[in-house]
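Read top to bottom, the protein sequences are chains Z and L. Quick note on the numbering used here: the first sequence kicks off at 219 and runs consecutively. Quick note on the numbering used here: the second sequence kicks off at 4 and runs consecutively.
Since the hints were made in silico from the structure, they are not lab data. The C-beta atom is built at its ideal place from N, Cα and C for all residues, glycine as well. Do not take every clue at face value.
To be verified - Computed from the model, here is a short list of chain L residues facing chain Z with C-beta under 7 angstroms:
#1 Ser-45
#2 Asp-47
#3 Phe-97
#4 Gln-104
#5 Pro-110
#6 Gly-144
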Amino acid sequence: MRRVSTRGAAPAPIGLPVPRRDGVAKVTGRGRFTVDIGMPGLAHAKLLRSPYPHAVIRSIDTAAARRHPGVVAVVTADDLPDVRLVYGHAVADHPMIATGKVRFAGEPVVGVVAEDAVTAEEALRLVSVEYEPLPFVTAPDAALADGAPIIHEQPGEQRAHRGFAEDIARTHPNVCSESRQSWGEIELAFGDAHLVVEGEYRYPRSYAYAMEPYTALARWDEGELTVWTSGQHPYMVREDLAQCFDLPLAAVRVIVPYVGGGYGSKSYTKIEPLTAALALRAGRPVRLGLTIEESILTTRGDAAIVRLRSAFDRDGLILGRQATILLDTGGYAENSPLVGRKAANRLGGPYRIPALDVLCSTVYTNTAPASSFRGFGAPQVTLAGESQMDEAAELLGIDPLEIRRRNLLRPGERPWPNVRGIDADLVADLDLAAEELGWTTPLPTGHGRAICLSASDAGSEPMTTSLVRVHPDGSLTVSCGSTEMGQGSSTVLAQMAAGEMGIELERVHLLQSDTAAVSYDRSTGASRTTTLMGLAIAAAARDARAQLVQWAQESLAPDGPTVIEERSGVRIGDASHDWGDVVRSWFGGHAGECVGRGYIRRSGTTEEMPPFWEIGCVGVEVSVDESTGVIRVEKLVTIGDVGCAINPQLVEGQDIGAAMMGLGMATREELVYEDGNLMNGNLFDYRVPRTTDLPEIRSVIVERGDGVGLYGAKGGGEGSLNPVAAAIANAVWRAAGIRLREAPFSPERVWNALRERDAAARS
Amino acid sequence: MPETMDLSLTVNSRERALRIEARETLGDVLRDRLGLTGTKISCDAQVCGACTVLVDDLAVSACTFLAADAESRSVRTVEGLAPNGVLSPVQQAFIDHAGFQCGFCTPGMLMATTALLEENPAPSRDEVIHALEGNLCRCTGYAQIIDAVLAAARGAISPDAVPDAVPDAGLDTAPTAEATR
Numbered sequence: 219m220r221r222v223s224t225r226g227a228a229p230a231p232i233g234l235p236v237p238r239r240d241g242v243a244k245v246t247g248r249g250r251f252t253v254d255i256g257m258p259g260l261a262h263a264k265l266l267r268s269p270y271p272h273a274v275i276r277s278i279d280t281a282a283a284r285r286h287p288g289v290v291a292v293v294t295a296d297d298l299p300d301v302r303l304v305y306g307h308a309v310a311d312h313p314m315i316a317t318g319k320v321r322f323a324g325e326p327v328v329g330v331v332a333e334d335a336v337t338a339e340e341a342l343r344l345v346s347v348e349y350e351p352l353p354f355v356t357a358p359d360a361a362l363a364d365g366a367p368i369i370h371e372q373p374g375e376q377r378a379h380r381g382f383a384e385d386i387a388r389t390h391p392n393v394c395s396e397s398r399q400s401w402g403e404i405e406l407a408f409g410d411a412h413l414v415v416e417g418e419y420r421y422p423r424s425y426a427y428a429m430e431p432y433t434a435l436a437r438w439d440e441g442e443l444t445v446w447t448s449g450q451h452p453y454m455v456r457e458d459l460a461q462c463f464d465l466p467l468a469a470v471r472v473i474v475p476y477v478g479g480g481y482g483s484k485s486y487t488k489i490e491p492l493t494a495a496l497a498l499r500a501g502r503p504v505r506l507g508l509t510i511e512e513s514i515l516t517t518r519g520d521a522a523i524v525r526l527r528s529a530f531d532r533d534g535l536i537l538g539r540q541a542t543i544l545l546d547t548g549g550y551a552e553n554s555p556l557v558g559r560k561a562a563n564r565l566g567g568p569y570r571i572p573a574l575d576v577l578c579s580t581v582y583t584n585t586a587p588a589s590s591f592r593g594f595g596a597p598q599v600t601l602a603g604e605s606q607m608d609e610a611a612e613l614l615g616i617d618p619l620e621i622r623r624r625n626l627l628r629p630g631e632r633p634w635p636n637v638r639g640i641d642a643d644l645v646a647d648l649d650l651a652a653e654e655l656g657w658t659t660p661l662p663t664g665h666g667r668a669i670c671l672s673a674s675d676a677g678s679e680p681m682t683t684s685l686v687r688v689h690p691d692g693s694l695t696v697s698c699g700s701t702e703m704g705q706g707s708s709t710v711l712a713q714m715a716a717g718e719m720g721i722e723l724e725r726v727h728l729l730q731s732d733t734a735a736v737s738y739d740r741s742t743g744a745s746r747t748t749t750l751m752g753l754a755i756a757a758a759a760r761d762a763r764a765q766l767v768q769w770a771q772e773s774l775a776p777d778g779p780t781v782i783e784e785r786s787g788v789r790i791g792d793a794s795h796d797w798g799d800v801v802r803s804w805f806g807g808h809a810g811e812c813v814g815r816g817y818i819r820r821s822g823t824t825e826e827m828p829p830f831w832e833i834g835c836v837g838v839e840v841s842v843d844e845s846t847g848v849i850r851v852e853k854l855v856t857i858g859d860v861g862c863a864i865n866p867q868l869v870e871g872q873d874i875g876a877a878m879m880g881l882g883m884a885t886r887e888e889l890v891y892e893d894g895n896l897m898n899g900n901l902f903d904y905r906v907p908r909t910t911d912l913p914e915i916r917s918v919i920v921e922r923g924d925g926v927g928l929y930g931a932k933g934g935g936e937g938s939l940n941p942v943a944a945a946i947a948n949a950v951w952r953a954a955g956i957r958l959r960e961a962p963f964s965p966e967r968v969w970n971a972l973r974e975r976d977a978a979a980r981s
Numbered sequence: 004m005p006e007t008m009d010l011s012l013t014v015n016s017r018e019r020a021l022r023i024e025a026r027e028t029l030g031d032v033l034r035d036r037l038g039l040t041g042t043k044i045s046c047d048a049q050v051c052g053a054c055t056v057l058v059d060d061l062a063v064s065a066c067t068f069l070a071a072d073a074e075s076r077s078v079r080t081v082e083g084l085a086p087n088g089v090l091s092p093v094q095q096a097f098i099d100h101a102g103f104q105c106g107f108c109t110p111g112m113l114m115a116t117t118a119l120l121e122e123n124p125a126p127s128r129d130e131v132i133h134a135l136e137g138n139l140c141r142c143t144g145y146a147q148i149i150d151a152v153l154a155a156a157r158g159a160i161s162p163d164a165v166p167d168a169v170p171d172a173g174l175d176t177a178p179t180a181e182a183t184r
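Can you make the complete structure from the sequences, with help from the hints?
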């Protein structure tokens, strides 16, 4: 790891590679995940899923299953008249259990609760469901054709209070949402163009493969609902549960233990409402633990068809970009409307684009629902945008790095009107990547290099709170609604609290992700936690310190002298007092507590949106095996432009992990549908990267203090995924003279492209 | 009624005798009957390696290994790596090198590494990569895991491998000293 820093000073342990605070728990097997939780009286649920991609449910016979020994409850939609079955973050269109119709193969139709999971599974086989199959469609372009099967006869209820009403302009019954991003005079831009590059680029249906499958437990106690879940956003799940069961928010408690991988796939609500409904009918606590095969059917990443035209002048300056994007959201909207909006926002990428017009439609198909996934629209559109930068460079005879330097936004420059200016030095990032990749050194035959960039409007909404509680021994409890899903929030947030209160890290204890015990945070996603929760904790620490200084004056020096605030406490004359001394003195005994509150909203430095720009800057060197079509990434450079690395070791891990995930998407990963069925919905057939795929890696962390967060921090962890597919495509062009526009760049696709290249050369 | 059977085995040096259903896997017995939930089940199909445990020192996938086949054998799980509360060199190296993020693959990764180093105490980088090919990790991209394994093999680990006292170790330029507010 190399660190490049021009940022200002920050108090230790901020900026230090301290060991992960969840380290011992996770290497001893003592760390508890949702899959590890049990409780007295717990019953176990299994789900019967539709074998049809699109069908009307004629009848369900559960009598034999109900009689099966050990069965506690058998639940269909008809058994839940007292529950609001339909939920959804952007569009309420998703019944927790099929209501009259199924829209993808694998949709839950019946739930069985039994004394153990094996009995529940046995009972599922005793349920008979009569279906009337309907015509189905599994590709978004086909879903928009005349006469395509209509997947939702009635539009879902738009969640206007979450800001999605304007995205719903239905041009076709299978269009779920439409997002438009445009500025400048697009006709003029293309009219003046010296060069127009056009193309269609495809990004596959993908699976995040969080290794812990979706799991939830629900328990009802006197009208209060407690749910344990492997989910990223406990407060959002609370809101959906409150609506489904008509409960006050305060009567719903959502607890998130350690999360075994998220990557966006565990954001928003998944199986929690159904688990709670099963527990309601069972009259007992219920655990619903999905298999990986079922998890794949629960949420996947959005496939994309991106049709992009880019206009350039003769010097390679971009004049305009015009695009239509189709995202395949599957049977339900889930969070795809937001992915669609972000895809439209992110198509311009890190460049100065005088005129842009993008229409992104999310389209229903009879496939498993798509939702948030690391990168969130950016990998899909960056493949298109960055491919065309290289295509234009070649046609104009300009070096591919030079054409980027000419177009990259400069620090502070706004990508479009009324947004925050770019909080990064993109040209410097590009030059660092070139240096690390050895851009000018000679390459072996069959190798190629490329560097690509992205810029994402990240951070989501600033709606974040924290409490810092100072105890009479000077130790701290920091409470926050951010989840620990491996990204290291439990470590970096504690580092920031220790730094801001001036105490040792060992004296900081973090309480996370329990809606009854910690205060509100909107979500753990969009790379927002270090930035926004970091600011909330800093604000809470400031609030506590201000109170403590006043308390010191009142209780330790009521008649003067003036109390002086120091890093770790106060000084009165020659005497120093730590924060614990002040707490005890003010309460006049041995106990007490000072509570500091931090609120972050759209105000002050976090008023402008987005809260920050997440930068991706990745370089690759690839080789192409002409005989097999196998692409090997030989070398990978990641630039982690994070403003201030609160913990550089964790930043490095996030960057490399993101880039390797991008490498998997670019070269191998794709969920394949045939005849309405998912053909490779398991870990045998869906191949994710292994140790043997690891290239030589150069990780650079860049700290220029230019983010809105504490000491100039800003988010990371997604950026290094976004440009990887584009970088590989461009490097393969230079290695082998083939232009890959459809990911994944599987050996078969590459081999075919090589043969076409040879055939074209002969003719 | 399901067919049941008696099972005697040693788990982390402790002898255990229990009555199980014949269909149960070693993963079922460890997690559900013995409460050893450190062993994680992910793919449930012997692809991902998350459930790796050692049976008579050999790494196996507990998700598909029938418990009956562990009769009279010695099983080691992640819970047995630090018998006296002192982390093993492999565990410590994974902490020092941040060889995990979410931690779900970690118990299996640690057991596979333990088996490797017992058989080959000084593996090359390529040997580590090959030995861990059957252990998937979706968070780290593997680089820090491989560094951790090589460090454990070198014995180049210590509880204080990351000094708290040195500000901003590794900076190209180091303007950041401990600041006063």
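Grab the minimum C-beta distance from Ser-45 (chain L) to chain Z and call the hint holds if it beats 7 angstroms, violated otherwise. 4 angstroms, holds
Using 7 angstroms as the Cβ threshold, decide whether Asp-47 (chain L) counts as touching chain Z. Check passed: Cβ of Asp-47 (chain L) comes within 6 angstroms of chain Z, closer than 7 angstroms.
Holds or violated: is the Cβ of Gly-144 (chain L) closer than 7 angstroms to a Cβ in chain Z? 3 angstroms, holds
Hinted contact Gln-104 (chain L) with chain Z - closest CB pair below 7 angstroms: Holds - the Cβ of Gln-104 (chain L) comes within 7 angstroms of chain Z, reaching about 3 angstroms at its closest.
Let me know if the C-beta of Pro-110 (chain L) comes in closer than 7 angstroms to any C-beta of chain Z, holds or violated. 5 angstroms, holds
With a cut-off of 7 angstroms, does the beta carbon of Phe-97 (chain L) approach a beta carbon of chain Z closely enough for the hint to hold? 5 angstroms, holds
The earlier numbered hints are all upheld by this structure, with none contradicted.
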